[in-house]
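There are 2 protein chains.
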Amino acid sequence: MSPLQEARLHYQPQLPNFLKVILSLRVAPQQPLPLSKEYVDLLQAQFPRSYSQPFLQFEVGNGVKNLKPLKVGVVLSGGQAPGGHNVIIGLFDALKKMDSSSQLFGFLDGPKGIVDNKNKPLTEAVLAPYRNQGGFDMIGSGRDKIETSQQFESAAKTVQSLDLDGLVVIGGDDSNTNAAMLAEYFLQQNLKCRVIGVPKTIDGDLQNEFVEISFGYDTACKVYAESIGNIARDALSAKKYYYFIKLMGRSASHITLEAALQTHPNITLIAEEVEANKKTLQQLVQEITEIIVQRASKGKQYGVVLIPEGIIEFIPEFKELIKELNHLLAPETDHPQKLDAQPSNDAKIQYIAAQLSPSSKACFRSIPSEIQAQLLLERDPHGNVQVSKIETERLFIDMVKPELKRLQQAGTYKGKFNAQPIFCGYEGRSGLPSNFDAQYCYALGTVAAILIQEGMTGYMSCVRNLTQPVEQWVPCGVPLVPLMHVEQRNGKATPVIRKALVDLQGRKFAEFSKQRSNWALNDEYCTPGPIQFCGPASLTESTVLT
Amino acid sequence: MSPLQEARLHYQPQLPNFLKVILSLRVAPQQPLPLSKEYVDLLQAQFPRSYSQPFLQFEVGNGVKNLKPLKVGVVLSGGQAPGGHNVIIGLFDALKKMDSSSQLFGFLDGPKGIVDNKNKPLTEAVLAPYRNQGGFDMIGSGRDKIETSQQFESAAKTVQSLDLDGLVVIGGDDSNTNAAMLAEYFLQQNLKCRVIGVPKTIDGDLQNEFVEISFGYDTACKVYAESIGNIARDALSAKKYYYFIKLMGRSASHITLEAALQTHPNITLIAEEVEANKKTLQQLVQEITEIIVQRASKGKQYGVVLIPEGIIEFIPEFKELIKELNHLLAPETDHPQKLDAQPSNDAKIQYIAAQLSPSSKACFRSIPSEIQAQLLLERDPHGNVQVSKIETERLFIDMVKPELKRLQQAGTYKGKFNAQPIFCGYEGRSGLPSNFDAQYCYALGTVAAILIQEGMTGYMSCVRNLTQPVEQWVPCGVPLVPLMHVEQRNGKATPVIRKALVDLQGRKFAEFSKQRSNWALNDEYCTPGPIQFCGPASLTESTVLT
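Respectively, the protein sequence lines represent chains V and U. Just so you know, the first sequence maps onto residues 12 to 557 in the working numbering. Just so you know, the second sequence maps onto residues 12 to 557 in the working numbering.
Since the hints were derived computationally from the structure, they do not count as laboratory data. Be careful, since some hints might not be right.
Put simply, identical chains are the same to the list, so a pair is met inside one copy or across any two.
EDC-like mimics (lysine to aspartate or glutamate), calculated; alpha carbons at most 20 Å apart, straight line [unchecked claim]:
(1) Lys359 - Glu324
(2) Lys251 - Asp120
(3) Lys400 - Glu381
(4) Lys156 - Glu522
(5) Lys330 - Glu381
(6) Lys289 - Asp514
(7) Lys359 - Glu381
(8) Lys309 - Asp155
(9) Lys129 - Glu49
(10) Lys400 - Glu331
(11) Lys412 - Glu381
(12) Lys311 - Asp120
(13) Lys311 - Glu414
(14) Lys168 - Asp155
(15) Lys108 - Asp351
Since the structure is predicted, the reported quantities are computational estimates derived from the model, not experimental observations.
All chains should be built: construct the whole structure from the sequences, respecting the hints.
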């Protein structure tokens with residue numbers, strides 16, 4: 012362990028005032044939250060026992076309640092996010108405070124650990140080395156879901172065999188949807204096991220009227236902003252590179268927007284805006300090129316460009332191309348073999364181009380051969396293009412280059428374009444959680460314990476008022492079903508918790524819109540620097556929410 | 012400015028006890044340092060006025076000396092390194108302490124700023140926003156050298172026109188060599204201007220018996236170790252990726268070795284060891300493959316591999332290939348045109364392969380087509396392959412893949428190999444300097460001022476005893492010529508300051524050798540976390556030297 016890891020072991024997350032008195036806390040049910048109007052029937056049909064749960068406030072009661080010892084299971088689901096360990100530890104500490112004979116079991120390597128009943132009893136000795144540490148390695152995580160009826164039955168068997176009073180599912184939108192389904196299923200089976208979800212994802216797309224932010228987002232944004240700020244300062248110092256930086260966050264551009272607000276890059280693509288304005292790839296390339304030309308006319312041959320990982324799925328023509336490719340390259344067709352049999356990359360590209368619709372062929376032809384090859388070669392077992400492996404940062408570099416060459420020959424651009432592709436990704440998922448995330452997660456775990464103690468199921472553990480000091484944070488319980496809308500998945504109407512995209516009418520986007528033309532030409536770069544754990548509260552306790 | 016940048020503005024670097032009394036400090040010349048035996052004649056011939064300078068200790072004298080106001084110029088040369096601004100500020104503060112009418116001029120955008128006399132007068136108001144900040148943007152930097160006799164004459168004119176008493180050159184081995192040449196030239200021209208070098212480079216290859224470390228290395232290593240530690244924890248959590256991480260540092264593997272000692276990756280390539288053992292590319296691929304197979308047999312389908320940026324120049328066959336390519340693709344041949352005229356990348360690769368010697372052809376043929384293309388396309392204006400742009404991390408991934416496939420078919424490997432290439436580079440060059448670098452740089456600038464005040468020239472500003480608390484650091488002046496050896500450059504015997512490679516007999520490499528087989532199979536990852544500026548000294552004042 013590094014000295015900083017050691018020091019973090021001894022950090023004691025502060026609890027909100029509400030949660031300091033958990034022994035005398037009680038839930039105060041409010042009105043049920045309304046279901047998404049369009050889908051009321053479907054949601055009621057699929058969640059007959061849990062669709063009308065009330066919103067839960069917390070109140071401080073009189074004296075100590077009659078608290079039961081609890082047996083609880085916990086699982087980490089999906090990609091890593093800083094703070095996951097602290098949710099588990101907050102849960103554990105609260106359960107033990109309620110009754111020292113309470114027990115906590117960690118299911119191993121994600122939801123399949125529930126199905127297969129692979130678990131690890133979590134004791135103080137097991138947990139101690141993970142306090143305030145990053146990663147999900149204490150019990151692992153996984154991307155499996157509990158989907159088939161057999162898997163539901165196995166899950167039921169597991170919670171029965173462990174005699175669980177509750178199960179805490181730490182995950183993103185899909186995992187929390189899965190938690191709601193488990194809650195409903197257990198209710199239908201008359202099992203005592205309560206199910207509580209905890210909002211996790213660095214992408215920031217699990218947020219809504221009730222959930223201010225998912226955990227991990229704060230730390231991840233800060234880690235990326237540190238790198239981008241350093242790189243921007245490097246651009247300004249060396250004055251010879253354009254850094255095209257791709258940022259993690261596939262479905263929504265929250266991270267990219269946040270990073271832009273913190274570091275003030277010259278160019279930032281926001282996928283939601285690209286989609287709303289139906290921008291073509293060529294238009295985006297033109298817009299980037301134009302700013303580069305304008306900067307060159309001021310003698311600036313350097314800059315910073317931020318690109319969200321998922322951008323290509325928001326460019327209508329590209330989305331269509333990917334759809335066609337996924338269809339063509341599905342294992343049940345004979346295209347994959349024929350493709351593999353082509354003698355060279357060039358031949359592969361020719362072969363596939365011949366199969367595409369005219370518009371997708373035009374899009375495919377317009378992109379650089381390196382990216383064409385990635386679209387063909389980076390496929391998952393279902394033949395789907397792995398969008399996260401497409402090097403969008405290179406795509407834009409390679410498409411801007413010939414544009415600039417053209418303008419140079421026309422005499423309207425005089426400059427050198429020297430670009431470096433960079434990806435800010437994996438280093439943001441498992442770092443030491445910021446004080447904010449360490450405390451937020453600890454509180455979320457604590458709230459989950461209380462909800463189970465109070466017999467609540469089908470809820471998300473929530474803590475609100477997060478822009479205020481920790482003492483003033485407000486815990487609550489948010490019923491899961493009202494957070495759902497319905498999507499077509501594999502041709503089936505499927506209720507899922509709604510992903511939050513960047514709100515183009517929102518405060519953050521407005522601030523960005525106001526500043527970006529200034530940032531484009533003037534170098535207003537900002538260097539947030541590394542996350543600080545000690546020192547004045549202005550440096551250690553701030554969150555990206557404010 | 013971010014809150015942390017603001018806070019850093021108010022950080023006051025501590026001075027070593029010696030430098031707290033600069034008004035009464037005096038230099039105490041010791042014996043001249045011996046010249047490199049092999050090259051005595053050449054060095055004496057080229058540096059007739061400066062080859063026998065004594066090593067300078069510092070002593071505290073009695074009472075205040077008769078200190079002159081000084082006019083001094085300063086220049087940043089070469090790639091960014093955290094702390095450069097603090098060298099300039101340390102220099103400024105010391106000059107002003109000596110006499111408040113002293114003046115400092117910053118030459119703009121590197122040594123060509125001296126030749127063209129482009130300078131900026133540096134005042135407290137100019138300097139204030141750069142205290143303890145990263146980057147080189149206050150006056151910029153550049154990679155030009157002062158080489159031709161005309162450039163030397165222009166430099167002489169500049170220092171005369173500004174009436175400079177001294178010039179401080181902040182740079183790496185080549186820039187300090189250039190400083191020595193300027194010092195000699197000014198002596199020969201009977202100019203009063205003294206020249207002092209300051210050891211800068213994140214690569215850590217400017218170190219020797221007298222110079223414990225160049226500035227910037229500490230911060231850069233910490234920035235990279237933060238990312239690698241996070242990524243390793245991610246590997247252990249997700250359990251599905253091999254991260255192949257390329258690290259900056261082209262000529263020497265100091266950064267990679269340091270990062271390995273701090274984070275304990277499964278596999279680390281050290282270029283100097285590869286060269287010493289005359290490893291072939293295929294052998295390295297085999298060694299990596301073997302560890303991946305062993306890990307798979309323990310159920311581990313994940314890991315972390317560190318690769319120094321310059322590795323391919325240390326693999327004998329590859330070095331030869333690059334040499335042949337540089338020769339073939341020189342602008343004076345007709346190959347570049349013919350190459351560009353080829354209709355496809357495949358054809359380009361065929362064309363070049365046909366021109367290579369049998370052994371280089373075999374090496375070229377053995378590497379993946381993507382890297383072949385990079386070798387052909389990423390060339391500087393002289394036709395040289397740009398080694399730093401070769402994606403060595405992908406090279407190894409792409410070469411390990413077919414090996415594993417072969418072993419899988421043979422039944423000796425059962426596993427999935429899912430690899431992600433990562434480059435840790437530009438974000439380490441311009442970050443906020445660690446407390447160590449902030450203080451070290453401030454002290455180096457202070458020492459430079461004293462050396463000029465004492466009339467010394469052809470010296471490197473040095474501070475030693477750096478593993479002790481700042482108060483105990485020991486300033487000194489190291490004559491530049493004795494640090495030189497002679498290299499063949501463009502067919503000419505050229506004296507240059509010797510680059511320090513990783514010492515395969517040294518303490519650090521020994522520690523690494525002892526641990527690496529353990530790190531290979533067991534997951535002993537360590538997470539250093541982000542640089543801390545406040546808090547206990549164990550977190551904020553440590554350096555990578557200890």
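To see whether the hints hold, each was checked on the structure:
Proximity of Lys359 and Glu324 under a CA criterion of 20 Å is satisfied in neither setting, with 23 Å inside one chain copy and 33 Å between copies. Within a single copy, Lys251 and Asp120 get their C-alpha atoms only as close as 45 Å, which misses the 20 Å cut-off; across copies the closest is 11 Å, which meets it. Proximity of Lys400 and Glu381 under a CA criterion of 20 Å is satisfied in both settings, with 12 Å inside one chain copy and 16 Å between copies. Taking CA atoms no more than 20 Å apart as the test, Lys156 paired with Glu522 passes in neither setting, with 38 Å inside one copy and 44 Å between copies.
Taking the shortest Cα distances, Lys330 and Glu381 sit within 20 Å of each other inside one copy (18 Å), while across copies they are farther apart (26 Å). Taking the closest pair of Cα atoms, Lys289 and Asp514 come within 20 Å of each other only inside a single copy of the chain (16 Å); across copies the shortest separation is 58 Å, beyond that limit. For the homomeric pair Lys359 and Glu381, the shortest alpha-carbon distances inside one copy (12 Å) and between copies (15 Å) are both at most 20 Å. Neither within a single protomer nor between protomers do Lys309 and Asp155 lie at most 20 Å apart by alpha-carbon distance, with minima of 52 Å and 22 Å respectively.
In this assembly of identical chains, the alpha carbons of Lys129 and Glu49 never lie at most 20 Å apart, being 40 Å within a copy and 68 Å across copies at closest. Taking the shortest alpha-carbon separations for Lys400 and Glu331, only the intra-copy value of 18 Å comes in at or below 20 Å, while the best inter-copy value is 33 Å. In this assembly of identical chains, Lys412 and Glu381 lie within 20 Å of each other by CA distance both inside one copy and across copies; the values are 14 Å within and 19 Å between. For the homomeric pair Lys311 and Asp120, the shortest alpha-carbon distance between copies (13 Å) is at most 20 Å, but the shortest distance inside one copy (49 Å) is not.
When the C-alpha separation of Lys311 and Glu414 is checked against a cutoff of 20 Å, the pair qualifies only within one copy, where the shortest distance is 18 Å, while the shortest distance between copies is 46 Å. In this assembly of identical chains, Lys168 and Asp155 lie within 20 Å of each other by CA distance solely inside one copy; the values are 18 Å within and 72 Å between copies. Taking CA atoms no more than 20 Å apart as the test, Lys108 paired with Asp351 passes in neither setting, with 60 Å inside one copy and 73 Å between copies.
In this structure, the earlier hints numbered 1, 4, 8, 9 and 15 are contradicted, and the remaining ones agree with it.
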